[in-house]
Structure formats: C-alpha cells, structure tokens
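Visitor: One-letter residues, chain by chain:
Number of protein chains: 2
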Amino acid sequence: MLLLRKPYLLFLGDATSPVTAKTALGVAEWCPADVVGELRFAGATVTTGKPALSVAQAVAAGAGSLLIGIAPAGGQLPPHWLPTLIEAAAAGLDIVSGLHTRLSGIPELVAAAAAAGVQLHDVRHGDWPRVTGTGRKRPGRRLLTVGTDCALGKKYTALALARSLQARGVAATFRATGQTGIMISGGGVAIDAVVADFIAGVAEQLSPDNHAGHWDVIEGQGSLFHPAYAGVSLGLLHGSQPDALVLCHDPSRTHLDALPGYQTPRLENAIEMYLQAGRLTNPAVRCIGISVNSSSLGEAAWRAYRDRIEAELGLPVVDPIRGGVEALAAAITHQQETCHDN
Amino acid sequence: MLLLRKPYLLFLGDATSPVTAKTALGVAEWCPADVVGELRFAGATVTTGKPALSVAQAVAAGAGSLLIGIAPAGGQLPPHWLPTLIEAAAAGLDIVSGLHTRLSGIPELVAAAAAAGVQLHDVRHGDWPRVTGTGRKRPGRRLLTVGTDCALGKKYTALALARSLQARGVAATFRATGQTGIMISGGGVAIDAVVADFIAGVAEQLSPDNHAGHWDVIEGQGSLFHPAYAGVSLGLLHGSQPDALVLCHDPSRTHLDALPGYQTPRLENAIEMYLQAGRLTNPAVRCIGISVNSSSLGEAAWRAYRDRIEAELGLPVVDPIRGGVEALAAAITHQQETCHDN
Chain X
-19 MLLLRKPYLL FLGDATSPVT AKTALGVAEW CPADVVGELR FAGATVTTGK PALSVAQAVA
41 AGAGSLLIGI APAGGQLPPH WLPTLIEAAA AGLDIVSGLH TRLSGIPELV AAAAAAGVQL
101 HDVRHGDWPR VTGTGRKRPG RRLLTVGTDC ALGKKYTALA LARSLQARGV AATFRATGQT
161 GIMISGGGVA IDAVVADFIA GVAEQLSPDN HAGHWDVIEG QGSLFHPAYA GVSLGLLHGS
221 QPDALVLCHD PSRTHLDALP GYQTPRLENA IEMYLQAGRL TNPAVRCIGI SVNSSSLGEA
281 AWRAYRDRIE AELGLPVVDP IRGGVEALAA AITHQQETCH DN
Chain F
-19 MLLLRKPYLL FLGDATSPVT AKTALGVAEW CPADVVGELR FAGATVTTGK PALSVAQAVA
41 AGAGSLLIGI APAGGQLPPH WLPTLIEAAA AGLDIVSGLH TRLSGIPELV AAAAAAGVQL
101 HDVRHGDWPR VTGTGRKRPG RRLLTVGTDC ALGKKYTALA LARSLQARGV AATFRATGQT
161 GIMISGGGVA IDAVVADFIA GVAEQLSPDN HAGHWDVIEG QGSLFHPAYA GVSLGLLHGS
221 QPDALVLCHD PSRTHLDALP GYQTPRLENA IEMYLQAGRL TNPAVRCIGI SVNSSSLGEA
281 AWRAYRDRIE AELGLPVVDP IRGGVEALAA AITHQQETCH DN
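First to last, the protein sequences are chains X and F.
So for the first sequence, this note's numbering puts the first residue at -19; every next one is plus one.
So for the second sequence, this note's numbering puts the first residue at -19; every next one is plus one.
Everything labelled a hint here was simulated from the structure, so no lab data went into it.
Misleading hints may appear alongside valid ones.
What the hints assert, rightly or not - Listed next, with one range per pair, are the computed distances between beta-carbon atoms:
1) X:Glu252 - F:Leu62: 51 to 61 Å
2) F:Val90 - X:Arg302: 53 to 63 Å
3) X:Thr(-4) - F:Leu62: 39 to 49 Å
4) F:Arg116 - X:Gly294: 53 to 63 Å
5) F:Gln243 - X:Asp189: 21 to 31 Å
6) X:Leu255 - F:Thr112: 51 to 61 Å
7) F:Glu279 - X:Arg259: 19 to 29 Å
What the hints assert, rightly or not - From the derived model, a few chain F residues whose C-beta atoms are all more than 10 Å from chain X:
8) Ala176
9) Leu216
10) Gln256
Glycine is no exception: its CB is placed at the ideal position from the N, C-alpha and C atoms.
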C-alpha cells in the first residue's frame, strides 16, 4: 500500500478554476489538520483558505510533502511548474502527483529528489502489490460503499461516514481506493490500476486484521452494473469482505452515465445483486442504507423521494451533502451494539 | 493483442518430465501443422513426436519462432539454454517465452534480437492494451467457457469446441486468454495480466466485430465463485458478450481447489449466476451445455453421472477427453439454425 508523508503543502500553481483545483479543495476540506498551507503563483484566483506559504516557509512549518492539488487540461505537467517542484524536493519535501505526466520521468526532478533523499509519488501510476486473494475471513468490521453507477458519491459517502463514526467514538478508518481518497487519507491503493489477477488480494490487504470493534470504511469503485468496470467492483467487494454495504445512487440517472443503452438498475435489484455477490466472502453482509446524490431535486422533491424510498426499502436514506450521514452512522452503531449483545 | 509468428520450433531443452513440457506437448497436440520440429538437448527424454531439428534446420524449414515449451522449476531460465536462444535469434527466429524470467531482461539476448531484427515475446509479462470497455454489442456470435472453479478444463473445452465447429463447416475462431492458449493459437491476451480498469475493454477487443455466422470460442478464466479471481471472470464475461456459455465442472471437487472454506456451487446455481451476470451486456445469453472433467470417475460412474445431470438440467453433458464435445457443437449448430430461421 502507498503511504504519503503528511502534512501537505498544497500546490495550486496558477489555478483559476475550482474544478481544476478540486484535489486541493477536497484535501483541505477532508483533512484540514494535515495541511500547513498552500503555494499559489501570482495569477492564481483559487484558494483553499489556508495560508499562502513559500517552500521554505512550508518546510519551517513542518510540511512533509508538496501535493500537486491542481489538474491542468490533459493532465500534463506545465514546464513552468518544474522549478518550484525541484526547489521543494531539494528542500526535503516529498512530491505527490496524480497527473498523467510521471514525476519519475522528469530527469531534473528525479536527480533533485535523489540528492535530497525524498520520494516522488505518482499516485496514478503506483507500482501496486502483486498478491493473490485468500478468501480468509479477517477480524474487525468493514463497510463498503457501492453504486448503481460510477461517479455518484461513493468516496464522499465513505469519508463522511468515517468522520461521523469517529465523532460517535467508534474506532473507524477511511480506506482509499482512488487517488483523491489516497491523498486525503495519506495512504491506500488505486484499485483500478492493480493487475487484474490481484484485485481481491490487494483489497484484502487494504483493510487488514483489526480489533472486533473497529470499522474500516472502504471507498467503493465503479459499479457491478457497468459494462466496463464491474470486474473491479466485484474484486473489491470480495476482497473487502464487508459486513455492511451502503448503496449510492443518483435518481436523475435513468441510464448509466454516457451509456444510453444501459438502464440504471432498480434499487432493490441492485441491493440484491450486491448482497448475493458479497455473500461469497462474507455470508453475513447486509445493506444498511442508501446514500443519494439529490443535487437534481428541489428540497420538497428530495424529501418526498427520501420518504418514499425509506418506506419501500425499510432502510435509512440520506444525502451526505444535504443532511449528513447520521442516519447511516446510527444504523452501524446499532448493528454493532446488536452484535455485541450476541 | 499479441500476435506470434508461426510456425514454431519447439524448444524442449533437457526435459525429462512430460509435466514440465506440457506447453510443448499442448502446442504439438492442438496446432501440429504449426510446428516444424523440436529442439532437444542430449539428455532430454520427452518428445512431441515432431522431428528433431537444429536451429539452422528449423530456419531452413521455414520456422518463424523458437517457442520455449518447457517450464523449469521456479520458472527461471537456466543459463545453459542461453547460447541456443541467442543462436536462434541471430538466425532470424522470434523467441516466445512464458517463463517468469523476462527475455527482455537478458542483455545478450536483447542485443542479438536487435541485431537480427527479431522479436522477444514474454507472454507472461505482455504490455497489454489499456482500453476501456464500451458495452457496445458487436456483430458475430460468441461462446465463452466458464467454470465452477479454476483449472478444470475451460481452455481444453474451448479448443475442442472450436475444432469441432470448424469440422462441421462452421466459421469458428479460438480466442486465447491465457499464455498456453496464446501459444497454441498464435495470438490473444493474458487477461489476468491486464490492468483492472481495462479487463472488459481488452476482452471486447479480443473478439471484434465479425460476420453473423461466425463464432468466437473464448477461453474462460477463473470463476465467479472464486474469492481471488471473480473480478477477472466477470470482466471477461462482460467484455465477451457471449451468446452461449458452456459451464465447466469437476464433480470430485466438493470445495474449491486449495480453499476448503469455499464450497463448489451447485450446477444450477452456477448457471443462474453466470446468466444473470452475462445478461448485462447480452440479454440473450444462454447456457448450452456442461463440460465435465470426469477423470475421478470410472466409466460406469461417469455414464451414470452424465445421464443424471442431463436429466436434471435438460442440457447436454460431455467430457471432452472421454467422448468429445460433439453434443455441444450440435447444440451450437442447432441454435444457429434456429436463429437463421427467425
């Protein structure tokens, strides 16, 4: 598994659009205590609200890594960023990048990092472990977010749930399976970049043995209903051995994103398919609730939708952004207490 | 996709065990017309029955590649093989290897290949395509072999079926997804070595658009019921879009190989799970029969088993080694005729 050295100096370059800076904004939102500041060029208009620091100031403030928090069009590293990255490496900071351009392919930067004894982390291209799944049941408890489609809130839901559980005094760890999640949590694996033979094996290592009261909250990827990505989703499901699933959904999608020929599954069918598949490695798996991206609905429509689905499925339904995930956290805490009673 | 240059000179080195030489024996069995001869060292006792040739004789006979047909313990290349491989490369033969040792990591061999303009093919380590699945339905017809477990005859069944269909005058192509299959057919992809994100996409490319009467017979991998490999199996299933499935099974396995905690699924449950998953990309998918590895059964027990399963499932049941796959080929031909009648 990848481990990053926090805290971060967030590199924003000349960001003028919050969309291209969403990595920096996400990191600042989800782990503000792990950010010493941000480094902006003169023309930048986006800010995370953290103090503007030079490389030297960030090092003095204890930074461990410079994290490239902006994704330029095409994912290529603009040449005028390079002097700052070299300065940071020479000053003792690891460099963390999710760009298509590999830091390890830039000779001047590689030389500076080698001379300073720091690491260059190409999160998108990590050399992930090659380990085969065992199917062995691990101690500790696990929750996985799954979806009716891709890109509808699985990471956000998992992050919000881990935070909510921690606030309730439950030992909980967010486990990242994609690059933004890895940057936020400081570790994890880009599960879709693993060699196919090892998906489940790597997923097993991502949430290792733990004590009985601990919850790993695992970021899901893809969807069992997606013709391109279901294999990744199934391997992650099997390796995660979840006790609990949260199904993520966007009611505005009548078909999968960019695939008009593929209808979005009905919620009850999706739950049944995920449970059926999940039972292979954990026969006790349950769905504990639904997380909805309701951005397409007005407030009244959202409340009506939520109440209807809750009544139909008998499960709590939340929108993490609209009302938080407390109802899901409560369901988990309740499940845990019930199990402790046994 | 990988494409190999046939015909082959089969390299047997100093093979004294048919087990270590199973690649050479498999290639000689399944594509004898693609083998000009074999190259044995003095101490070798295994033969494929093909003429013993020197490198020069093989080149004179039109060989395109030297294929390493023996797997030494540990999968490493013994140093005393190297002079022969260098001689072959210098003489104009591509070198094909499925060993763990990478040919591309042996500087003397790389230099000889570069000087002669020949290719070194590390089938186990191929640089496979990085292409995302589309879910678009392709013309032409497809059959995929699937299994209740791993390693119980999916490759053998697919090879036998392709051959049987061809003998019946049906246009059929075997599509390899593992290294021995690739060596036999001269092309394909090691699907379990593909990056997870691209399993289905690469599987789509393996059986491209074809004419309506053509059958691709695709070698299955892994099993939907295996806690380590189900992701690969599902991605291959989705990308293959099979019209027909053949379920492969070994009745001696009450649990998965080396996994006592994982029961082998019941045949009817396995069929239903594969059909349910396959319908995502081809709603018309059907299971057309069962291929059994009955090596654990005596003749009378096999006949009784076969008759009972045929009656229970209403599908043809064959053992490719014991009685061939004609009943499956007939089911396919019949299905095709039925469809042409529509």
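Visitor: Any hints this thing doesn't respect? Which numbers, in order?
Guide: When the structure is compared with the hints, numbers 3, 4, 6, 7, 8, 9 and 10 turn out to be violated.
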